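Just so you know, the protein sequences line up as chains A and B, in that order. Per the working numbering, residue 1 is the first one in the first sequence, and the count goes up by one each step. Per the working numbering, residue 1 is the first one in the second sequence, and the count goes up by one each step.
Quick caveat, the hints were computed from the structure, so don't treat them as lab data. Just to be clear, a hint being listed does not mean it is correct.
Straight-line C-alpha distance at most 30 Å; calculated DSBU-like pairs for lysine-lysine [claimed, not checked]: (1) Lys54/A <-> Lys167/B; (2) Lys37/B <-> Lys92/A; (3) Lys37/B <-> Lys51/A; (4) Lys54/A <-> Lys78/A; (5) Lys20/B <-> Lys54/A; (6) Lys51/A <-> Lys36/A; (7) Lys97/B <-> Lys51/A; (8) Lys31/A <-> Lys478/B; (9) Lys365/B <-> Lys354/B; (10) Lys528/B <-> Lys312/B; (11) Lys37/B <-> Lys167/B; (12) Lys248/B <-> Lys216/B; (13) Lys92/A <-> Lys97/B; (14) Lys478/B <-> Lys92/A; (15) Lys477/B <-> Lys92/A; (16) Lys78/A <-> Lys312/B; (17) Lys246/B <-> Lys51/A; (18) Lys216/B <-> Lys312/B; (19) Lys78/A <-> Lys97/B; (20) Lys54/A <-> Lys92/A; (21) Lys92/A <-> Lys354/B; (22) Lys92/A <-> Lys51/A; (23) Lys51/A <-> Lys103/B; (24) Lys264/B <-> Lys248/B; (25) Lys477/B <-> Lys545/B; (26) Lys31/A <-> Lys477/B; (27) Lys478/B <-> Lys516/B; (28) Lys165/B <-> Lys264/B; (29) Lys78/A <-> Lys20/B; (30) Lys103/B <-> Lys354/B; (31) Lys54/A <-> Lys97/B; (32) Lys54/A <-> Lys37/B; (33) Lys31/A <-> Lys78/A; (34) Lys37/B <-> Lys31/A; (35) Lys516/B <-> Lys545/B.
Small disclaimer: the values here were computed from a predicted structure and weren't measured.
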Amino acid sequence: MKVITANRLLNGDVVWLAENGSWVERIALAKVYDGKEAVAEALAEGLEAEKNQKVVGVYEMDVAVEDGVIVPVRLREKIRATGPTTHPELGKQAQAVSA
Amino acid sequence: MYRYDEFDASFVNQRTEQFKDQVRRRLAGELSEDEFKPLRLMNGLYLQLHAYMLRVAIPYGTLNGRQMRKLAHIARTYDQSYGHFTTRQNIQFNWPKLEDTPKILEELAEVEMHAIQTSGNCIRNVTADHFAGAAADEIADPRPYAEILRQWSSLHPEFSFLPRKFKIAITGAPNDRAAVQVHDIGLQLTRNDAGEIGFVVFVGGGLGRTPMIGRKVRDFLPEEDLLAYSEAILRVYNRYGRRDNKYKARIKILVHETGLEELKADIEAEFEKIRFGVLRLPDEEVRRIEAYFAPPPLEVGNATSDAVEARKASDAAFAQFVAHNLNPHRVPGYTSVTLSMKPIGGIPGDASDKQMDVIADLAEKYGHDEIRISHEQNVILPHVKLDDLPALFDQLVAAEIAEGNSGLITDIIACPGMDYCALATARSIPVAQRISERFGAAERQAEIGELKIKISGCINACGHHHVGHIGILGLEKKGEEFYQVTLGGSANENASIGEIVGRGFSSEEVVDAIEKLVDTYLGLRNGKEETFLEAYRRVGEDPFKEALYGAA
Ligand code: SF4
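Go ahead and model the full structure; you've got the sequences and the hints to work with.
Here it is in C-alpha cells:
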C-alpha cells in the first residue's frame, strides 16, 4: 500500500495527497492507494500539483494500515511524518492534537 | 579583519535581487521546479526531510559579534530559534520558508554574509584552522590566503560547472587542525630554508563513499604561485575529471585512476603555461589582504594568571575547562577559548538564538570582537586575556556552553542524520547524545583523554566518520538502523582512514560497543599519556575485535 507525499512549495511543510486532490498535513488523513495503476494515477496527480506550484518533491511511499491507522513502513518516513526525534517540540509531533 | 570590498557588496546585493525575482517567478509558475532547483541550490537553499534548509557560509569560520547577532536574529525571526554549525564551518537553518529566504539573504547581506557557493559543483567555502591568527604554533595566518582563494574562486566562470563539488582547506600551523589532507586541495603553510613562506600542497583527499588521504604534489609552493598552481589543478581536474558517474567524479578518483606521477606532470605542465600570467600573486597584494586580518592590539602579559590558578584550586569544573578548552596563544597572557557546543546529552553543533547573542556579547567584551567556528562544530574566541577567564567562564556556564570537554570523548562530531537529512540512512544525533550521556562524568572523560568520535548518518560522511579515532556510520539494514564502527582514523597531520572493525551494531547495541572499545583501550594503554589513537596504532585492531566479538 502506498501514499503520495511531497513538501508544500511555499513553506516546505510535509504533506500527503488526500481526497479531491487536496494535500493534508497529517498522514492520518492521506489517501491510501493499492495496486500499480492506482498508485501511478495518484503519482501523476501529484506531479500535476508540482507543476501548479502547490508542492515540490513528489514521490510514493510504502505504508501499512494498522488498526485503521496509516503507518509509514520506513523509519525515514516515520520521522518525516512526526518531526525530528531530537526535538519533540518541533514538527508535526508538536501539533499532534489538531488534525 | 576582512571586510567585503565594494565589489563583493554589489555582487551579493545583485545576487539577492536575482534570487528574489527567481522565487517570485517560481511562485507565479513561470519557473518549474526543475528550472528553479539549481537556482535555489546556488543560493544555499536545500529541501530536507521536514522543510527547506538554508546553508549560510562563514568564510574560513571567521565572524564578529554583529554577524553572530544577525544569525541569532534570523534563527529567532525566520526559523525555530536555533541554528546548526556544520563540519564545513557553515551554519544551517532547518526551518526557513521559501517565501522568507530572499528576505533572509537581504538581512545576511547587511552584515556581509551570504549563502553563495555552499552548494553545487563549484569551489565551496574555503575552510581554515579555527585558531588561525592566534595559535602559538602558527607559521602565518592562513586566512589571507583563504580569502585570496575565495576571491579567485567566487563565480570563477571556468569553474562553475566542475565535474563535482570542490573543497579547499588551509592550515597555517604544522599541527593540522583543519583536516587539510581530506580535502580536494589541502594547503599547509611552511617556510623554506631561506625563510620564505610557501605551501605544502595535497591533492585528492576526501571522505564520502571512497575515502582517501590527499597525495602530496608539492613540498614547497612559493606564495606568489598559489593561484596559478590552484588554477592548474582545477584545469586538469575540469578537463579529465569524470562526468559519467557522480560517484567517481571527485578529483580523488582522478588521482587514483590516473596515478600520482602522471597527474602531477599534467598539473606542472599546465602551471608552466600560466605561472607568469595574471594569476601571479604580487607581494603587495598579499600584504594588502593580510592587513584586513591584522591581529587586534594585544599587550604581552604573564604566561600564567593568578586569578586563573586561584579559581582552578577551588572549582573543579573551571579546572576541567581550563585543562581542555584552551589553546596556546602566540602572545603570552592570552589564550584561545573553545566554547563547547557539545553539552552532555545535547545536540552537537546546535546553538540557540540566545546562545548566539551571548556569544556575540562575550566576543565583544572579552575577545576583541572575534569569533571562529570550528569544523568540529564548536565556537572559539581566539583572543582572550587569561585574567578574564574566570569571568568569561561564569557567563559561559549561564549560557550552558561551558562543558570542559574539548577534544574528549563527548566532543563528538555528528551530522544531522535522519532527523533532518533527506539522504540519511540512519540517525546520527541520538547516538551522539547517548554516548555523551554514557561518558558524561567529568572525571571519566578526563581519565579517557583525547578521543575523537565522529558520526555520519550515511555514506556521504559529512560527520567525517572515516577520520574519527572511533568512527560510526549509520546504515539501514532490513529497515532498521545499523551502525558500522571504524577504528584508527585521524584528520590531523598524520591523517589516516579508519578501518572497519567487524560487523555492525544495532541502535541498542552501539553505545555498549563503544564502551567496550574504550574499556579495552584503558586496559592496554601504556599510561595516561598514550592516547586511544596511539594505543590503537601500537597494538592494532585485534584486542578491540576480541573485546567486541570474542576470540576469533
Ligand atoms: S552524512 Fe549523509 S546523513 Fe549525514 S548530513 Fe551528510 S548526507 Fe546527510
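These are the hints, each one checked on the structure:
1. For the hint linking lysine 54/A to lysine 167/B, the alpha-carbon distance of about 36 Å lies beyond 30 Å, and the restraint is violated.
2. Annotation: proposed proximity of lysine 37/B to lysine 92/A holds, straight-line Cα distance about 25 Å (limit 30 Å).
3. At most 30 Å may separate the alpha-carbon atoms for a hinted pair to count; lysine 37/B and lysine 51/A meet this at roughly 13 Å.
4. Proposed proximity of lysine 54/A and lysine 78/A is supported: the alpha carbons are some 23 Å apart, at most 30 Å.
5. Distance check on the hinted pair: lysine 20/B and lysine 54/A sit about 19 Å apart at the alpha-carbon level, within 30 Å; holds.
6. With a CA separation close to 23 Å, the supplied pair lysine 51/A and lysine 36/A stays within the 30 Å bound.
7. As the CA atoms of lysine 97/B and lysine 51/A are separated by approximately 19 Å, the hinted pair is consistent with the 30 Å bound.
8. Straight-line distance between C-alpha atoms of lysine 31/A and lysine 478/B comes to about 26 Å, which keeps the hinted pair within the 30 Å bound.
9. Taking the CA atoms of lysine 365/B and lysine 354/B, the gap is near 16 Å; set against the 30 Å cutoff, the hint holds.
10. With a C-alpha separation of about 21 Å, the suggested pair lysine 528/B and lysine 312/B falls inside the 30 Å cut-off, and the hint holds.
11. Proposed proximity of lysine 37/B and lysine 167/B is supported: the alpha carbons are some 22 Å apart, at most 30 Å.
12. This hinted pair checks out: lysine 248/B and lysine 216/B have alpha carbons roughly 21 Å apart, not beyond 30 Å.
13. Taken as a hint, the lysine 92/A and lysine 97/B pair is honoured in the structure, with Cα atoms around 16 Å apart against an allowance of 30 Å.
14. About 26 Å separates the Cα atoms of lysine 478/B and lysine 92/A, which keeps this hinted pair within 30 Å; it holds.
15. For the suggested pair lysine 477/B and lysine 92/A, the alpha carbons sit about 26 Å apart, so the restraint of at most 30 Å is met.
16. The suggested pairing of lysine 78/A with lysine 312/B is violated, with an alpha-carbon distance near 48 Å, which exceeds 30 Å.
17. Using a Cα cut-off of 30 Å, the hinted pair lysine 246/B and lysine 51/A holds, with the two alpha carbons roughly 27 Å apart.
18. Proposed proximity of lysine 216/B and lysine 312/B is contradicted: the alpha carbons are some 44 Å apart, above 30 Å.
19. Using a Cα cut-off of 30 Å, the hinted pair lysine 78/A and lysine 97/B holds, with the two alpha carbons roughly 22 Å apart.
20. Annotation: proposed proximity of lysine 54/A to lysine 92/A holds, straight-line Cα distance about 19 Å (limit 30 Å).
21. Under the criterion of a C-alpha separation no larger than 30 Å, the hint pairing lysine 92/A with lysine 354/B is consistent with the structure, at around 24 Å.
22. Between the alpha carbons of lysine 92/A and lysine 51/A the distance comes to roughly 26 Å, so the proposed pair stays at or under 30 Å and holds.
23. Between lysine 51/A and lysine 103/B the alpha-carbon distance is near 25 Å, which keeps this suggested pair within the 30 Å criterion.
24. The straight-line distance between the Cα atoms of lysine 264/B and lysine 248/B is roughly 19 Å, inside the 30 Å bound, and the hint therefore holds.
25. As the CA atoms of lysine 477/B and lysine 545/B are separated by approximately 22 Å, the hinted pair is consistent with the 30 Å bound.
26. Taking the CA atoms of lysine 31/A and lysine 477/B, the gap is near 28 Å; set against the 30 Å cutoff, the hint holds.
27. Of the pairs offered as hints, the one joining lysine 478/B and lysine 516/B holds, with about 26 Å between alpha carbons and a cut-off of 30 Å not exceeded.
28. The hinted pair formed by lysine 165/B and lysine 264/B meets the criterion: a straight-line CA distance of about 21 Å does not exceed 30 Å.
29. With a C-alpha separation of about 34 Å, the suggested pair lysine 78/A and lysine 20/B falls outside the 30 Å cut-off, and the hint is violated.
30. For the hint linking lysine 103/B to lysine 354/B, the alpha-carbon distance of about 21 Å falls within 30 Å, and the restraint holds.
31. Proposed proximity of lysine 54/A and lysine 97/B is supported: the alpha carbons are some 14 Å apart, at most 30 Å.
32. Only pairs whose Cα atoms come within 30 Å are accepted, and lysine 54/A paired with lysine 37/B is accepted, the gap being roughly 15 Å.
33. About 17 Å separates the Cα atoms of lysine 31/A and lysine 78/A, which keeps this hinted pair within 30 Å; it holds.
34. This hinted pair checks out: lysine 37/B and lysine 31/A have alpha carbons roughly 28 Å apart, not beyond 30 Å.
35. Among the hinted pairs, lysine 516/B with lysine 545/B is consistent with the structure: their alpha-carbon atoms are about 10 Å apart, no more than 30 Å.
The structure fails to meet hints 1, 16, 18, 29 from the earlier list, while all remaining hints are met.
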